[in-house]
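Assemble chains B and C onto chain A, guided by the hints.
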Amino acid sequence: MEFFTIINIGGTIAFAISGTLAGIRKQLDIFGLLVIAFVTSIGGGTIRDILIGHLPVRWLLDSSVILLIIGTFILTIFLKNHIDKIDKTLTLFDSLGLGFFTLRGIQEGLAIQLDMSACIILGTITACFGGLIRDILLNEIPYLLRKEVIYATPCIIGGLFYFLMKQIALPNELIDLLTILIIFGIRLLAVKKNISLPRVD
Amino acid sequence: MEFFTIINIGGTIAFAISGTLAGIRKQLDIFGLLVIAFVTSIGGGTIRDILIGHLPVRWLLDSSVILLIIGTFILTIFLKNHIDKIDKTLTLFDSLGLGFFTLRGIQEGLAIQLDMSACIILGTITACFGGLIRDILLNEIPYLLRKEVIYATPCIIGGLFYFLMKQIALPNELIDLLTILIIFGIRLLAVKKNISLPRVD
Amino acid sequence: MEFFTIINIGGTIAFAISGTLAGIRKQLDIFGLLVIAFVTSIGGGTIRDILIGHLPVRWLLDSSVILLIIGTFILTIFLKNHIDKIDKTLTLFDSLGLGFFTLRGIQEGLAIQLDMSACIILGTITACFGGLIRDILLNEIPYLLRKEVIYATPCIIGGLFYFLMKQIALPNELIDLLTILIIFGIRLLAVKKNISLPRVD
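Chains as they are written, first to last, in my numbering: chain A, 14 to 214; chain B, 14 to 214; chain C, 14 to 214.
Heads up, some of the hints might be wrong.
What the hints assert, rightly or not - The calculated lysine to aspartate or glutamate pairs, modelled on EDC-like cross-linking and capped at a C-alpha distance of 16 Å, are:
hint, chain 1, residue 1, chain 2, residue 2
1, C, Lys39, A, Glu161
2, B, Lys39, C, Asp214
3, B, Lys39, C, Glu161
4, A, Lys39, B, Glu153
5, A, Lys39, B, Asp214
6, C, Lys93, A, Glu153
Hints in this document: simulated from the structure, not taken from any laboratory. All figures in this text were calculated on a predicted structure; none of them were measured in a lab.
So here's chain A without its partners, still in its complex pose:
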């Protein structure tokens, strides 16, 4: 529980930071930035909860998430000149968040007996759709869909490995940990090596 709480917080913070920074580049006002920070951070989980009918969505019931995002937002605004220098830290948190949120989505799907493909889709939505809504609000073609460094692909690969590891009956905690590490590792490697998917011409 502790382990996940830490990574969950890390992911939420990382996504709130990346949303805020993306908004600053678009010259939003202070409130616009806060909305973007929220949406980037909780958007994926919100869409997942709506799709599976787990309503009210969780962040409405847990104000600690709301306070965490507001706190992160305020810190990001004040520290933003330094944050550019910790770009690598951001990628690190963002990739961890990607791993955690994918796992979370898969587990939510399993909890209501969805099959593998639906679970992997839910995991990918949880991890990636906050950024997708962020890009829609900022009036851009979502990063997720453009020819950029792979972002959803690590989630899908990690999801496939999750079910593969279930098949060979590894202990649950180990499967969870390895799934996060696989997604984390592939995303970091992709950023470093600038790996993207091909286009169709």
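Only chains B and C this time, still in chain A's reference frame:
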């Protein structure tokens, strides 16, 4: 009840008018205009109802809302050359609608025991997200997020006052009325004085 | 049942194809194309299911839909040089899908006792909102709203005929069939004759 019904109708009408006019500027066809009028008018309440799981969403169950919007839409199309002249009337209704819909969202949150921050967020979503979806459909960065005259800020301030007044135990009807008036007044003042939030550079 | 299953599959395939082709024009990567294919195909039904509270949304519970879309997507990628030549076949399937999905939405509305206007809106949303989300993701003003060949109008007319035919007590199967044919026919005619709705200036 009567008092709220009147303002609810006023808000719905005002938002339907503003959606129609925004669509005309983008050269949509007649059907596109009607969709935009609908979305601007009921979008915020729809997203609120989805987030709290109050489904089916209310306007599906109450065709008087649908007819009201269609009627407003038709009138707006025929009277649009005159409506520009009543720009101030529009701002008036829009600001009243902002106050009412914020109050409505807060009350919906309280009805399912959400805490203060979640209620204020719900109120702001109810009041502002119709316009946000309108702007997404029109392929613009939402007004709400840009450096424009404050729009969501009055809702948040009004929401904070609502809970402050609860604390000092004013009668409920007075709190409701004052909340609407605060939001209404701040928005009108902001339009008049051209008040906007700062950007972060 | 068989009759509807066939058209349902046809509609899903047609919408998956049209989404994929729209994505290729925007130079998305492979994963982006797959997301667009999905969203175009199941977006309308997903929004309908959310609005009426029929959650989890159906495609999460039925992986055959997911596999059908993935299969269609892969075929489209490999056959795309030939697909341009079968543009008419695409319009044919797309128009059939429009008819079927409108009927499906109306029936879902009736199943929860919604009245006529709400049912027709649900039908139109089921048929048209997949394409609307596709256009939002591709950062365009939705086709549905622009001055283009009518797309939602046939759905609305078909919906009105559906309830008219109910009134004169035709057998249900005949009503269903005629509703699909009316929508199908009007859309095909509109494409052929380049019929669009007027703008408001």
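Right, here's what the structure says about each hint:
1. C:Lys39 / A:Glu161: 14 Å, holds
2. B:Lys39 / C:Asp214: 10 Å, holds
3. B:Lys39 / C:Glu161: Given pair Lys39 of chain B, Glu161 of chain C holds - Cα atoms ~14 Å apart, limit 16 Å.
4. A:Lys39 / B:Glu153: 12 Å, holds
5. A:Lys39 / B:Asp214: Holds, because 10 Å separates the two Cα atoms, which is no more than 16 Å.
6. C:Lys93 / A:Glu153: Judged against 16 Å, a Cα distance of about 26 Å means the pair is violated.
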